[in-house]
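**Student:** Let's have the full structure, built from the sequences with the hints guiding it.
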Amino acid sequence: MAAAALVTENFKFVSLFFKSKDVMIFNGLIALGTVAGQTAYNVFAFHCPCSPGRNYRYGLAAIGVPALAFFLVGIMMNKNTWDLVSECRLRNCRKLSGAAAFALHGTIIGRAVVAPLTWVVISLLQGQAYTCALSEFVNSSTLVGFPRDQGSEVMAKFPCKNGVPTEVQVFWPEIERQLKYESQLIGWLLVAGTSLAVFLMLCMKRCSSPLGYLQEDYWSEYRSSEKALFQRTAAVHARLLAADNIKSFFGFVALDKEEKEQAAEYQTAT
Amino acid sequence: MAAAALVTENFKFVSLFFKSKDVMIFNGLIALGTVAGQTAYNVFAFHCPCSPGRNYRYGLAAIGVPALAFFLVGIMMNKNTWDLVSECRLRNCRKLSGAAAFALHGTIIGRAVVAPLTWVVISLLQGQAYTCALSEFVNSSTLVGFPRDQGSEVMAKFPCKNGVPTEVQVFWPEIERQLKYESQLIGWLLVAGTSLAVFLMLCMKRCSSPLGYLQEDYWSEYRSSEKALFQRTAAVHARLLAADNIKSFFGFVALDKEEKEQAAEYQTAT
Amino acid sequence: MAAAALVTENFKFVSLFFKSKDVMIFNGLIALGTVAGQTAYNVFAFHCPCSPGRNYRYGLAAIGVPALAFFLVGIMMNKNTWDLVSECRLRNCRKLSGAAAFALHGTIIGRAVVAPLTWVVISLLQGQAYTCALSEFVNSSTLVGFPRDQGSEVMAKFPCKNGVPTEVQVFWPEIERQLKYESQLIGWLLVAGTSLAVFLMLCMKRCSSPLGYLQEDYWSEYRSSEKALFQRTAAVHARLLAADNIKSFFGFVALDKEEKEQAAEYQTAT
Chain S
390 MAAAALVTEN FKFVSLFFKS KDVMIFNGLI ALGTVAGQTA YNVFAFHCPC
440 SPGRNYRYGL AAIGVPALAF FLVGIMMNKN TWDLVSECRL RNCRKLSGAA
490 AFALHGTIIG RAVVAPLTWV VISLLQGQAY TCALSEFVNS STLVGFPRDQ
540 GSEVMAKFPC KNGVPTEVQV FWPEIERQLK YESQLIGWLL VAGTSLAVFL
590 MLCMKRCSSP LGYLQEDYWS EYRSSEKALF QRTAAVHARL LAADNIKSFF
640 GFVALDKEEK EQAAEYQTAT
Chain U
390 MAAAALVTEN FKFVSLFFKS KDVMIFNGLI ALGTVAGQTA YNVFAFHCPC
440 SPGRNYRYGL AAIGVPALAF FLVGIMMNKN TWDLVSECRL RNCRKLSGAA
490 AFALHGTIIG RAVVAPLTWV VISLLQGQAY TCALSEFVNS STLVGFPRDQ
540 GSEVMAKFPC KNGVPTEVQV FWPEIERQLK YESQLIGWLL VAGTSLAVFL
590 MLCMKRCSSP LGYLQEDYWS EYRSSEKALF QRTAAVHARL LAADNIKSFF
640 GFVALDKEEK EQAAEYQTAT
Chain X
390 MAAAALVTEN FKFVSLFFKS KDVMIFNGLI ALGTVAGQTA YNVFAFHCPC
440 SPGRNYRYGL AAIGVPALAF FLVGIMMNKN TWDLVSECRL RNCRKLSGAA
490 AFALHGTIIG RAVVAPLTWV VISLLQGQAY TCALSEFVNS STLVGFPRDQ
540 GSEVMAKFPC KNGVPTEVQV FWPEIERQLK YESQLIGWLL VAGTSLAVFL
590 MLCMKRCSSP LGYLQEDYWS EYRSSEKALF QRTAAVHARL LAADNIKSFF
640 GFVALDKEEK EQAAEYQTAT
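Protein chains in written order, with the numbering used here: chain S, 390 to 659; chain U, 390 to 659; chain X, 390 to 659.
By construction, these hints were calculated from the structure, which means they are not laboratory data.
Please note: incorrect hints may appear among the correct ones.
Stated by the list, open to error - Here are some chain X residues the structure puts well away from chain U; computed CB gaps all over 12 Å:
hint, residue
1, Tyr-447
2, Leu-461
3, Ala-490
4, Pro-536
5, Asn-551
6, Gly-552
7, Val-557
8, Arg-566
9, Ile-635
10, Gly-640
Said to hold, decoys possible - Not everything, but these chain X residues come out facing chain U in the computed CB check (under 10 Å):
hint, residue
11, Phe-491
12, His-494
13, Tyr-570
14, Val-580
15, Ala-617
To be verified - Under the rule of at most 27 Å between Cα atoms (straight-line distance), these lysine-lysine pairs were calculated in the DSS-like manner:
hint, chain 1, residue 1, chain 2, residue 2
16, U, Lys-649, S, Lys-646
17, S, Lys-649, U, Lys-649
18, U, Lys-594, U, Lys-636
19, X, Lys-468, X, Lys-484
20, S, Lys-649, U, Lys-616
21, X, Lys-649, X, Lys-636
22, S, Lys-636, U, Lys-646
A virtual CB, placed ideally from N, CA and C, is assigned to each residue, including glycine.
**Tutor:** Encoded structure:
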């Protein structure tokens, strides 16, 4: 009962967010979904092959392929991408100044990068994929007392814990600590770097804008009003045009009450 | 009580999605349903036969047959397929240019391929079917210390864990790791390839379209309005025609209130 | 309370589907119900008799009898069957061309075959009935080391696990794997064959129809309108005729309010 109440509550939360159209929160939801997906994957599907050469490719695929897929989906689902494409194709980008192109590309890539970056950071902070991928490249000469005749063959077998000769098994905790340290450090540095980059970008955007704070608020209000009114009017226009064409085919058209009112109101204008 | 509330809530959510006609979300639901089905199947029905020759056929059937069935259902349930068929039969495809035919085939196949591809990817990431199918083809000469007199007969028995001589049972973890690595790598490469292919197709589609972004929005709005009005008007037309025919048979026709209004309104037009 | 809400919700869903007249979804619901029934049956009722001769008959009955019953119910509940029967009796099938007869028979048999086929496929994928039915026919000479003096008597006892001599009990896992493999492979081949057959039939039907896609939509709309209006008008006509006859016997007739209105409205027309 508790789990169900929790899910129901979260569900209401999610639908509320989708209605508010706030990009920041939307990105947060993408990030959250990615976390859930990452966890789900790790529960049922990460099996290190423990073989030199394969480890590296497997770890890279497990981190890189979902990140690539998230990135491409993020670019494809952004309306600005197709705005830019159609603008450039129809008018050869003549109306697009350098600063505007930079801002547009920044917005598109910035929004598409949220999910893959979250995936990579979570993967690195968990450290499983990194440990598997890089265990074969650990330099055995840095370990005191490690047998000189054992090579990367044995190193690659460490993440699976069997198949390793018993006399070198004592070295695994140290190697694992070292690899997890590197993995998590890279993850934290990525978080820090991203935070700083986002902060600087936002500062630059505000500083280079010719508008003040209230003026930008007004401008964003105007844009959202224009968009909503444009869509609503285009929908009514399309419906009246469709009604005319259907009438010329059947001799009459079955409009409902609301549509009849619209037709009576706007027919003279079209 | 909680479970019921949860199901009800999700049900509303699903019907909301179905009403929004968003193909992306619809495809997502198909993919999700396929995941659920795949899981259900694996829980109650995957039993590796552990016999050379049979393993291969069984694994192939367990991955391939549902994928084939999903693909055919996807093609059959798409209205565009039958649009294309009737168009070509009635007018010998004269009105269909090469680009339009390519776009239509792409849409039909693209939508039908979502469910089978999801099935195959999930099967490969889980690795059970691949491990069963290919265990007999593992080359025993790549395993250090494996007895030379044991052939594919023993290799095929590995996925069941009994019937294998105890002296070679230690080799199973390594073989399983290798097979799961291959299975999951193929699965990830499939995901990466599909993402790239979808992205390139969408780019090509947008770049070759003669319409801008807002024009395509208007065009899709017009098409959905026209479709809805055409269906509604055709239904009213069919009902009036049926009423006329019934009247000439019985001498009168028992219309309800709404139908009488429709008859009074549109009778003069037909 | 929760269960009731859940059932009510699902019931609305089901009735929505039934109203939409979509045969595809209707067939899907039949298949789903059959799955539920099959699962229910296996949980509480499958007990292999484990005796030569009886095994085969029991397994065949458990698969075949419900399939036969579903098939007959499906044929009986289809109105087209009785349409065809009365047509042929009254006019000796003179008005029925070869193509129309083939199409009608195809529709009736095709819809009646959905439930039994689902039953058989689920039975074969679970493999329980097949394992019980065919265990006595396993050729003991294919098993290495199986005692030559043990015949089908022992083979038939295997599915129950008791009554089998301990020295041959080790052979059961291999026999079971083999039988389940055969059962599931036949099940998957049945699924693949059915998918292909349905696809080809649908293609043929669409290609041989003289109507385009939208014309078929209009035609099916007209047929359902005509059917509904015919039934309603025939009911009113029968009631008015009955009222007339009662009136000529008693001198008056006790109609309720709605019937009086109908009589006043349509009396002049009859």
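**Student:** If a hint holds in the structure, say so; if it doesn't, say that too.
**Tutor:** Structure-based check of each hint:
Listed as outside the interface, Tyr-447/X is consistent with that label: its C-beta sits roughly 22 Å from the nearest C-beta of chain U, beyond the 12 Å cut-off. Against the 12 Å criterion, Leu-461/X stays outside the reach of chain U, whose nearest CB is about 26 Å from its own CB. Listed as outside the interface, Ala-490/X is consistent with that label: its C-beta sits roughly 23 Å from the nearest C-beta of chain U, beyond the 12 Å cut-off. Distance check on Pro-536/X: its Cβ is at least 18 Å (rounded) from any Cβ of chain U, clearing the 12 Å threshold; non-interface status holds.
Distance to chain U confirms Asn-551/X as a non-interface residue, since its nearest Cβ pair spans about 20 Å, more than 12 Å. For Gly-552/X, the non-interface assignment is confirmed: its Cβ lies about 22 Å from the closest Cβ of chain U, beyond the 12 Å cut-off. The claim that Val-557/X is not at the interface with chain U holds, since no C-beta of that chain comes within 12 Å of its own (minimum 15 Å). With a closest Cβ-Cβ approach of about 5 Å to chain U, Arg-566/X is found to fall inside the 12 Å limit, against its non-interface label.
Its beta-carbon lying about 20 Å from the closest one in chain U, Ile-635/X satisfies the requirement of being farther than 12 Å from that chain. No Cβ of chain U approaches the Cβ of Gly-640/X within 12 Å, the least distance being about 26 Å, so the stated non-interface status holds. At its closest, the beta carbon of Phe-491/X sits 19 Å from a beta carbon of chain U; the interface hint therefore is violated under the 10 Å criterion. For His-494/X, the suggested interface contact is broken, since its CB lies about 21 Å from the closest CB of chain U, more than 10 Å.
Interface hint at Tyr-570/X: satisfied, since its Cβ lies 3 Å from the closest Cβ of chain U, which is below the 10 Å cut-off. Checking Val-580/X against chain U: minimum C-beta separation of about 5 Å stays under 10 Å; hint holds. Given the 10 Å rule on beta carbons, the hint for Ala-617/X holds: about 8 Å separates it from the nearest Cβ of chain U. Our distance criterion of 27 Å between C-alpha atoms is met by Lys-649/U and Lys-646/S, whose separation comes to about 17 Å.
The suggested pairing of Lys-649/S with Lys-649/U holds, with an alpha-carbon distance near 19 Å, which does not exceed 27 Å. Taken as a hint, the Lys-594/U and Lys-636/U pair is broken in the structure, with Cα atoms around 52 Å apart against an allowance of 27 Å. Distance restraint check for Lys-468/X and Lys-484/X: the Cα-Cα separation of roughly 19 Å lies within the 27 Å cut-off, and the hinted pair is therefore satisfied. Distance restraint check for Lys-649/S and Lys-616/U: the Cα-Cα separation of roughly 17 Å lies within the 27 Å cut-off, and the hinted pair is therefore satisfied.
This hinted pair checks out: Lys-649/X and Lys-636/X have alpha carbons roughly 13 Å apart, not beyond 27 Å. In summary, the hint linking Lys-636/S to Lys-646/U is supported, as the alpha carbons are separated by about 24 Å, within the 27 Å threshold.
Violation of the numbered hints given earlier is confined to hints 8, 11, 12 and 18; the remaining hints are satisfied by the structure.
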